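A.B. asks: Protein chains in written order, with this note's numbering: chain A, 46 to 269; chain B, 46 to 269.
Treat the hints as calculated values from the structure; they're not laboratory data.
Just so you know, these numbers come straight off a predicted model, no measurement behind them.
Among these hints, one or two may not hold up.
Stated by the list, open to error - Under 8 angstroms between C-beta atoms, here's a sample of chain B residues computed to sit facing chain A:
| id | residue |
| --- | --- |
| 1 | Leu49 |
| 2 | Leu55 |
| 3 | Cys66 |
| 4 | Lys201 |
The beta carbon of each residue, even a glycine, is placed where N, CA and C say it ideally should be.
Residue-level listing of the chains:
There are 2 protein chains.
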Amino acid sequence: MGPLATADLLIKIVTMTKADCDNDHIRVFVDDNSAIPDRTGAILHGGPDPVPEMLSALRNLEKCGADCLLMPCNTAHYYLPRLQRETAIPFLNVLTVTAGRCRELFPGKTAAILATTGALATGLYQEALAAEGVSYLVPDEDEQRKLMHLIYDLVKASLPLHPEKHLWQEVLEGMRQRGADYFILGCTELPIVASTLELDGPFLDPTAELARAAILYCGYEVKE
Amino acid sequence: MGPLATADLLIKIVTMTKADCDNDHIRVFVDDNSAIPDRTGAILHGGPDPVPEMLSALRNLEKCGADCLLMPCNTAHYYLPRLQRETAIPFLNVLTVTAGRCRELFPGKTAAILATTGALATGLYQEALAAEGVSYLVPDEDEQRKLMHLIYDLVKASLPLHPEKHLWQEVLEGMRQRGADYFILGCTELPIVASTLELDGPFLDPTAELARAAILYCGYEVKE
């Protein structure tokens, strides 16, 4: 729900849909609601509850006639059960979609979960991966501090990433040394970090997997 | 209203807004309505009227509570008077916004209007520039054919642009030789062509100018 992450999801839906002209695309409604309070702040530090503003967006998408709902914020999925109870429109869940794709694309390998401190504290990614039999590890305290700096102080603040490229490299190398075979970019700001800083993964991009799930759910084809 | 052009406008609004965190951004509603029939087809070839599907999107944006309306399609501005009569929410007009910026940024210089055959046939860009005292020239028949190929057969068909880079170069060089000092990327697919193919302009990007106008209209600051 960072606004750049929202645009990133929209671009992925558009570019991953098999289409020859404008009219071959999926109709997509967006409520890029910048008033939604910070999710990590709410989960860990008693910050304002984000659900009322999320519901405001949900009601708008209902009025527009959406057939399924996507939340371009992994951390926000902590609130998904509360939101799902409020609407008959199904949410596509980025955590379960991602876990299923980990099993398919990296069988027998170990995932590094790169996510916000709030998302990791909820244990939801860990549970989703465990349910698919995917082994994983999480960042240590120092790596997590570096990730949060990249997400909050740079991407969300619209600042250039390159001066801090070494931090991204340190996180990836440290986790690779501890046994990670691939990296889940489990915060919607992280695909932006990965594509900007261009270091080796391999990476699994939950935003792209959510776009893929939406394209298939809506009855369209994913571009080869 | 090409879906990639819609995403491009959203990204420009986000990245051009002065903001330190998610909550500093503008709330943006999008109806990326892929059912809107082709505008050039309607203007020139008696294709289906796009207004009913445009109105469908307009009604959704009204229900969401939008304070101003943006159409990420220069050609579609032909229909703006019909649409404006249907709603009390003001449209920001990409043609007049662009013409004003031409005068400010390139005083005394000659603009090349790069736009669809449909947009050029309406004469709306020409009128908007003339009203600001901006001198301009339009592509010749061969250049126009090349532009339409880049817009329709490549960007709108999600195909790679680089194999046809020479066409873009030929359009720019031909118009420069005929007296163009700078180029108006007056079809929302063309900023994507220009940023992908990285040839010298200078360019004026109406999508970015529309984003800038929206940021200011909404009372936010444009990032330096």
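A.B. asks: Could you run down the list of hints and mark each one as holding or not?
C.D. replies: These are the hints, each one checked on the structure:
Here the hint on B:Leu49 is kept, as its CB sits about 5 angstroms from the closest CB of chain A, short of 8 angstroms. For B:Leu55, the shortest C-beta to C-beta distance to chain A is roughly 5 angstroms, which falls under 8 angstroms, so the interface hint holds. The interface hint given for B:Cys66 holds, since its Cβ lies 5 angstroms from the closest Cβ of chain A, which is under the 8 angstroms cut-off. Proximity of B:Lys201 to chain A holds as hinted, the smallest CB-CB distance being about 5 angstroms (cut-off 8 angstroms).
Of the numbered hints given earlier, the model fails none.
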